[in-house]
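In this text, residue positions in the sequence shown follow the working numbering: the first is 58, and each later residue adds one.
For the record, the hints were derived by calculation from the structure and aren't laboratory data.
Heads up, a few of these hints could be off.
Unchecked claim - Here are the simulated distance ranges between beta carbons:
#  : residue 1 : residue 2 : range
1  : R290      : P158      : 18 to 28 Å
2  : G196      : L318      : 19 to 29 Å
3  : D99       : H272      : 34 to 44 Å
4  : A236      : R317      : 29 to 39 Å
5  : T235      : E146      : 40 to 50 Å
6  : R315      : E146      : 22 to 32 Å
7  : G145      : A255      : 30 to 40 Å
8  : G88       : R260      : 17 to 27 Å
9  : V115      : R298      : 14 to 24 Å
10 : L318      : G182      : 14 to 24 Å
For glycine and all other residues, C-beta sits at the position ideal for the given N, C-alpha and C.
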Amino acid sequence: MAVIAVVGGPGAPGATTSALALLLAWPLEPGRRILLVECDPDGGAVLAGALEGRVEAVYGLRNLAVADRRGLLAQTLWDQLIDLSPDGEGERLLLPGLTDPTQAPGLAYTWEPLVETLHALEPQGYDVILDLGRSGATGPSAVLARRADAVVATLRTTLRGLSAARPRLAALREDLATAGTGADALGLLLIAEGPYSASEVSREFGLPTLGLLPHAPRTARVLSDGGDSADRRFVRSELMRTARSAADQIQLLVRGRRRRLAPSAAAQQATRPQSPPQVMPAPTPVEHQVPRAAWQPGPQSHPLAYQAHHAPPPYGQAPLAGLAPQPAAPAPFPGQPAPAHRPAGPSPYQQAQQAQQPQQTPYPQQAPYDRHPEQDRPAPLRPTPEQSDPAQQITYGQVLRAR
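Start from the sequences, fold in the hints, and give me the full structure.
Here is the structure:
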């Protein structure tokens, strides 16, 4: 039916816990499904929180960046889903978020194709909840909030929570009015922790209150840190009852906005090319994990596909970059005479310097060496007759006695 964006803020107002409560309490008609997508750039929290690490971190949003570059975003999306339905019928699904905040820059060009793919699931009977967390409504992922049918901001009714949310709500409202579907898509989901009532908060911010969740830490811990979500006491708790009421109010907001935007939306839908519906395979259950297959090569016609590298031309057929001939002198400006050419000889200053230097006589040129090297080699020294006579030779001991 719609794409709902849940936005948090400073002070941990509980955006992920509220989004997970909406997922489990969302009213579903026969044949419809609900999907929760963790789009917080700071990282997801459901795998290590509500699922208590029972599912490996091999599934999730980070695998969609490479798939989008290969043109396989829609096909890869189904392989990353996890079934959170209590009966395992695949009605309540989860797309885990990032495991490391450093993976968020790799999704800068994937957010917009992702939200278009999620909007295309509506004819197949899917509602989508986007958990944007604290920083998902700003930066490259802001397109998710701009393209959503409704934006739900979670607040705690404390003075600290309301004071921190005031500038963020003002910036979000302005962004939706200028670049989104309109500021009327913004609503409040309050956590009754402080002394302020829902009517006071709505009057102060000028926004409608879509739900008022109780401050129940023990019940909310099942959604944030894990527990038995199929327990009857949890299903019938006040937190889940108010979450169902909030889901009904969100659906009413979406229907009202679509009635007001029906003429312009119909015109955009007529000009937008329709993609054929895709058959959904069975999602991955929580208890069983199937290893993922290797990536398949994508079509090269995708806008973000890697382009083929072209070989450079052979040497001598194309000029090298940066080695083009340069003009000898710059062209004169209009009305300026052309520069005169210098004479070829030395300048008067150089002539005076040359006259002061003494004349040096060149070294005589040696005759070429035309003899054989063996002929110019000196003869070895030979001993004289006196030195050859052993009696005439002076020994070291005789020299000492003479002294």
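Inset, instruction - Run the structure past the numbered hints and jot down the numbers of the failing ones, going up. - result: The structure conflicts with hints 1, 3, 4, 8 and 9, although it agrees with all the remaining ones.
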